[in-house]
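The residues making up each chain are set out below.
Protein chains: 2
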Amino acid sequence: MNMNPLHQLMNPRSIATVGAGNNPMKMGTLQALSIIKDGYNGKFYPIHPREETVIGHKAYHSVFDLPEVPDLAILIVPTDQVVPLLDDFGKLGTKYAVIITGGFKERGHQGKKLEDELLKIADTYGIRFLGPNCIGIINSQISLNMTVFPHPAKPGSLGLASQSGTYVTQTLSYLRRKGIRFSKAISVGNEANIDIIDALEYLGEDPDTKAIGLYIEGISDGRRFIDVAQKITPHKPVLAQYVGGSTAGARAGMSHTGSMAGPDILYEGIFRQAGIIRVDSIEDLYDHGWALATQPGLRGKRIGVVTNSGGPGSAIANSCDAGGLDVPLFSEKLQAELKKHIPSHAASINPVDMTFDLDAQVLSVVVPETVMKSGEVDGVILHGIMSTGYLRDKYPHIRELLGGVSLEMVLNRFPPDFTRAVSLPEKYKMPLIVSSFLDREDNYTSAYQDNDIPVFDGPEKAARAMLAMLQYKNIKERPAIGQPVLPEKSPVAAAILNQAMEKGQKSLDEYTAKKFLAAYDIPITGEKLAYAVDEAVQYAVSLGFPVAVKACSAEILHKTEKGLVFLNQKNEEDVRCSFTSIQAATAEETPVLISRMVSGVREFIAGTAEYPGFGPCVLFGLGGIFAEAMQDVTFRAAPLSIAESKEMLTDLKSQALLQSFRGMPEPDHMAIAGILQKLSFIVCLHPEISEIDVNPIIISDSAPIVADALIVLTNQQ
Amino acid sequence: MNMNPLHQLMNPRSIATVGAGNNPMKMGTLQALSIIKDGYNGKFYPIHPREETVIGHKAYHSVFDLPEVPDLAILIVPTDQVVPLLDDFGKLGTKYAVIITGGFKERGHQGKKLEDELLKIADTYGIRFLGPNCIGIINSQISLNMTVFPHPAKPGSLGLASQSGTYVTQTLSYLRRKGIRFSKAISVGNEANIDIIDALEYLGEDPDTKAIGLYIEGISDGRRFIDVAQKITPHKPVLAQYVGGSTAGARAGMSHTGSMAGPDILYEGIFRQAGIIRVDSIEDLYDHGWALATQPGLRGKRIGVVTNSGGPGSAIANSCDAGGLDVPLFSEKLQAELKKHIPSHAASINPVDMTFDLDAQVLSVVVPETVMKSGEVDGVILHGIMSTGYLRDKYPHIRELLGGVSLEMVLNRFPPDFTRAVSLPEKYKMPLIVSSFLDREDNYTSAYQDNDIPVFDGPEKAARAMLAMLQYKNIKERPAIGQPVLPEKSPVAAAILNQAMEKGQKSLDEYTAKKFLAAYDIPITGEKLAYAVDEAVQYAVSLGFPVAVKACSAEILHKTEKGLVFLNQKNEEDVRCSFTSIQAATAEETPVLISRMVSGVREFIAGTAEYPGFGPCVLFGLGGIFAEAMQDVTFRAAPLSIAESKEMLTDLKSQALLQSFRGMPEPDHMAIAGILQKLSFIVCLHPEISEIDVNPIIISDSAPIVADALIVLTNQQ
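In order, the protein sequences belong to chains A and B.
Using the working numbering, read the first sequence as starting at 249 and increasing by one per residue.
Using the working numbering, read the second sequence as starting at 249 and increasing by one per residue.
Keep in mind the hints are simulated off the structure, nothing from the lab.
Be a bit skeptical, because a hint or two may be false.
Remember, identical chains collapse to one label, so a pair may be satisfied in a single copy or spanning two.
List of simulated lysine-lysine pairs, DSSO-like, C-alpha gap at most 27 Å [unchecked claim]: (1) Lys291 with Lys402; (2) Lys588 with Lys484; (3) Lys291 with Lys642; (4) Lys677 with Lys807; (5) Lys291 with Lys306; (6) Lys810 with Lys675; (7) Lys737 with Lys306; (8) Lys776 with Lys724; (9) Lys588 with Lys274; (10) Lys581 with Lys763; (11) Lys818 with Lys549; (12) Lys721 with Lys751; (13) Lys291 with Lys721; (14) Lys361 with Lys587; (15) Lys754 with Lys588; (16) Lys285 with Lys901; (17) Lys751 with Lys677; (18) Lys588 with Lys621.
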């Protein structure tokens with residue numbers, strides 16, 4: 249087994265750093281300080297050309313002066329020094345490096361060349377490295393923090409792999425305030441050698457990481473990304489933020505880490521295929537990741553909402569409901585039980601609204617526990633618990649009334665026992681998410697946070713984190729993806745392509761394209777190609793009226809717009825007439841396709857296209873004349889298992905059209921999925937194809953039938 | 249002019265409070281403490297049955313012992329004492345009250361009766377009051393805070409009216425950390441006497457309030473809400489969060505303030521009609537409200553992004569782009585100018601990414617000012633500026649290197665002059681929004697906040713606040729709404745309704761319904777009603793083939809499903825055949841409607857319905873068989889000006905169908921808007937109508953034509 253290089257890189261017994269000195273305003277020094285001050289127990293060797301000691305450690309003048317071969321080298325030096333230094337470490341025998349220095353691929357052509365040199369040296373010596381242009385890593389299990397901001401927190405359970413160093417280090421104090429703690433965090437920079445997919449795989453294998461967050465500006469090996477993620481997501485949640493989907497987003501990413509971005513809607517489909525929960529902001533990446541990393545999984549959709557505040561209760565209920573969670577009305581029995589503990593005017597229905605009430609024990613323990621015990625919910629959201637936060641705030645108002653008792657004494661008069669409150673999720677094996685407008689100044693906020701119960705500063709945030717848990721429940725429970733097994737290449741199909749390529753065609757005509765698809769058992773309309781008007785009539789009669797009459801030539805695109813398509817031809821005269829007008833409008837010898845009309849008002853489109861970084865991808869969407877108005881499409885990377893193909897159907901917003909609808913039967917989902925899967929196989933088996941456009945697929949009764957198709961060939965021959 | 253009661257209520261020269269004592273754990277005391285400790289300068293009279301002094305103020309044993317008639321009474325007493333106490337204050341001559349006490353409408357029937365009594369007493373004495381079941385008000389201009397949490401902040405410019413007291417008081421410390429300050433905040437509770445619309449109107453008139461936030465669980469007078477908001481929104485931004493749109497949300501609201509909620513999509517339309525910016529969370533209500541309250545308005549869509557951090561830069565660019573703002577590539581000239589000031593490896597394209605760089609002056613002044621001055625942007629988002637926040641955090645790491653210099657001294661070595669940084673928005677009359685992961689511990693965060701420049705703790709949050717500013721720009725610039733002027737009632741239409749009602753009909757048949765609409769010049773299909781087959785054929789010939797042949801009876805609903813509609817009948821036989829089958833399938837005398845077929849593939853629906861709290865509303869949406877699959881509809885409250893009607897068209901997601909599309913011309917927007925406006929007039933002129941369903945409106949070339957209609961009558965006669 250090829251072990252993931254990060255297992256070694258993240259756990260060095262010794263580190264040599266080049267670029268640290270004794271000037272606290274220098275990046276190298278700031279990063280080295282984090283290593284030696286944040287608790288790392290391994291050996292630390294600063295390399296400095298002149299200094300004798302660096303931040304209290306004996307310094308070595310060159311790589312070759314080191315007393316041992318360090319497990320890991322960290323380079324924080326001017327760009328031109330990176331290549332020779334890595335060569336030195338290679339000679340010495342160091343196998344892992346983190347290259348903080350920037351100025352490579354992200355700076356264009358010159359930088360790209362330098363990055364290639366770096367890669368060559370690494371290959372020569374078998375070095376695996378992170379970066380360049382990254383901020384390093386945090387491994388909280390061994391207290392190793394090589395980033396610029398301090399990370400004094402105890403180990404956490406959220407793993408992060410990020411194409412931005414900012415989210416590994418500049419957010420550390422922000423995360424501390426939120427009570428969110430990393431297990432491991434990895435800044436991948438330009439990903440010259442170790443990429444974000446390696447980081448994802450490593451975090452998937454890391455037992456201390458319970459959920460994984462990804463910050464993505466672009467993926468360069470989409471297929472491997474999906475394969476790696478699909479192995480992880482059935483047992484460990486993965487969340488991702490993708491910011492390369494807009495023009496400005498892609499431009500920003502390119503100048504940042506030189507990453508190639510793709511259309512947002514493609515990534516949306518890829519994330520679904522991979523079983524990854526997509527988020528829209530870095531806050532959600534951290535928050536939802538933290539909820540998933542710390543809380544028992546949701547086993548159902550029923551949420552109990554417990555508050556002392558009507559507005560937040562309504563907001564939580566509304567957000568849960570709108571996102572697909574239920575906030576069920578509590579049974580009479582449960583309400584009666586609750587009423588024993590809450591004020592007489594309080595609401596017991598769910599949300600439980602105790603109204604402004606300072607009995608923290610009832611709000612934090614008695615009510616949530618009664619609700620959890622009832623069997624009527626699968627998770628609880630709690631808003632409004634507070635104690636010392638309010639007292640601190642209010643103390644200047646009440647000091648006199650308390651006879652001048654000190655704030656300290658006031659706070660100590662209320663030493664709650666948090667044991668039961670924080671043990672509820674484990675005890676009842678269901679998630680508890682807390683919302684509070686009070687920060688760690690409040691002892692409830694800090695107690696929950698310090699015991700791995702998420703506290704978010706807004707009721708909707710708590711609800712949305714619970715919705716992320718619901719998303720993960722659905723991902724965990726989705727049918728096994730399965731391994732797509734490519735069929736044999738069809739000799740008929742191969743012959744069709746060969747012939748077209750020999751003729752130098754850029755595409756297949758409709759008739760041939762459908763014959764090609766039929767060779768893989770994709771259902772197409774019954775049809776024949778006519779070269780003369782009598783032949784056309786004879787075919788129409790044999791197929792049965794009504795028929796479609798269309799010009800059929802690889803040279804003619806946009807047939808409909810050119811008036812070369814006649815649908816619903818009801819009799820012989822119709823066919824004669826349309827045949828004649830097609831021949832008149834085109835070169836006389838243009839063959840004419842006579843197809844059986846497929847009746848059905850529900851139309852879909854399918855197709856394939858190449859995307860940089862993802863190879864051939866399959867598209868499925870709403871068809872018909874509304875297709876372009878609705879833009880209701882979804883993507884997956886080929887090849888597809890049947891489970892993956894079926895899941896594409898659930899992505900469409902126009903779900904109603906995929907159910908029984910206005911007296912029409914439910915379309916055959918398996919048959920549609922079959923078409924999508926076969927398209928995915930075809931583009932893998934025949935790399936000569938650059939694009940397939942199947943439009944429309946008409947649902948006739950319940951059966952999908954391909955009524956038109958275009959196959960475009962690559963230009964490379 | 250009937251003055252808004254809140255002008256007086258919010259500015260009392262003297263306050264009497266019943267319910268405050270000397271026990272600091274009681275609501276009444278906590279609230280009274282806020283009044284006397286937070287700087288209110290007026291007279292304060294506690295009323296207490298036994299105490300001689302209350303929190304240091306002389307107490308009065310009863311209302312009638314007061315030394316003067318207080319401007320305002322605050323009641324924080326058990327529910328059963330509220331009515332007699334208000335009566336006492338009425339007798340004394342007090343004209344304004346805030347009733348904190350709950351236990352009224354929100355507790356069901358009994359409570360509602362008590363609330364009615366309260367109203368009667370208020371009417372008797374001409375008292376105007378807030379509540380019951382509210383938390384009171386904050387008027388920061390006179391340092392009056394009667395809520396439970398302290399409000400020591402200096403006056404701000406964001407006004408809030410809330411159906412939840414939580415958002416007026418329990419968030420005060422949270423808002424302080426965010427640097428957000430209220431001008432006025434009003435908790436409206438059950439709105440028995442003064443409602444959230446009065447509060448909105450008052451805040452609209454208040455010169456200290458620059459933007460208004462509304463937290464809404466339900467609106468009971470929709471028409472007045474719209475009228476009041478429409479007067480404010482062209483010159484002052486109004487934002488709203490609505491949480492009553494889901495089952496659980498509505499249930500929670502009902503138990504909270506007894507408010508009646510309506511479907512989410514209705515409120516969505518009402519907010520658009522009113523020119524209100526809708527937000528989805530309380531954080532956005534505060535954040536976006538604060539940006540709008542403090543920043544110069546956006547004059548265009550071009551945003552400059554300035555950061556020292558690639559990831560946040562990409563995220564900001566992506567969020568801006570996705571929401572409709574431009575992040576334009578900077579000109580060569582501007583880039584050259586910027587390159588003079590930023591590190592050589594930094595990106596100058598926009599986003600400007602200085603990379604990790606601690607030169608705060610360049611990041612906070614030089615670069616943003618260069619960008620603002622350039623004429624290439626209309627607003628700037630700045631991420632990553634920091635100084636003392638990082639130093640505080642890093643100090644334990646660098647203390648030794650600094651030779652043990654104290655933290656205080658380190659912080660004081662960097663006393664930046666913020667003057668230029670915080671003056672940029674005013675100087676260049678464009679918004680500046682800052683994103684930082686550092687809280688007020690950082691001197692930049694606090695300096696920006698204290699100078700009314702918003703700082704949000706996430707790059708996407710800064711971008712989304714800028715998008716709210718873009719929304720407001722669009723609202724400010726939308727065509728003047730105008731006053732809808734109802735036409736004369738049509739005698740033809742009135743006669744049709746009278747006749748139907750005399751006959752006891754519940755609805756009009758299609759023919760009559762369309763005649764009714766035609767009486768208001770709504771374009772309908774050419775058609776005639778046939779009672780015999782020859783007559784049918786004759787009409788078809790005179791209208792011209794193809795025609796539609798349909799059963800026409802007020803008794804028959806769902807004609808299509810019953811097989812009583814024959815479209816596209818092409819000749820005399822077709823008509824004979826369909827006429828005969830209709831007569832066979834129904835009672836023989838059922839009249840048959842012969843209509844000219846309208847050709848056109850684009851179909852829309854329109855209609856009217858009654859919604860509690862909003863009266864008659866107009867609906868417009870995508871039609872055809874996809875209508876129910878797409879659910880693409882929008883609402884407005886009747887009557888509509890032509891500008892309001894036209895704006896409905898822009899709400900549809902299927903915008904492409906309202907433009908020129910696949911060779912078809914652009915539909916006549918004015919004609920569609922005309923139909924919507926006429927429908928809105930009809931329901932106002934004829935209250936006997938409970939529902940109109942116009943489906944479909946077919947776009948023929950560019951003209952909208954009503955092809956089918958149903959008019960349902962109210963059951964009240």
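*Hints the structure violates: just list their numbers, smallest first.*
2, 4, 6, 7, 8, 10, 11, 12, 13, 15, 16, 17
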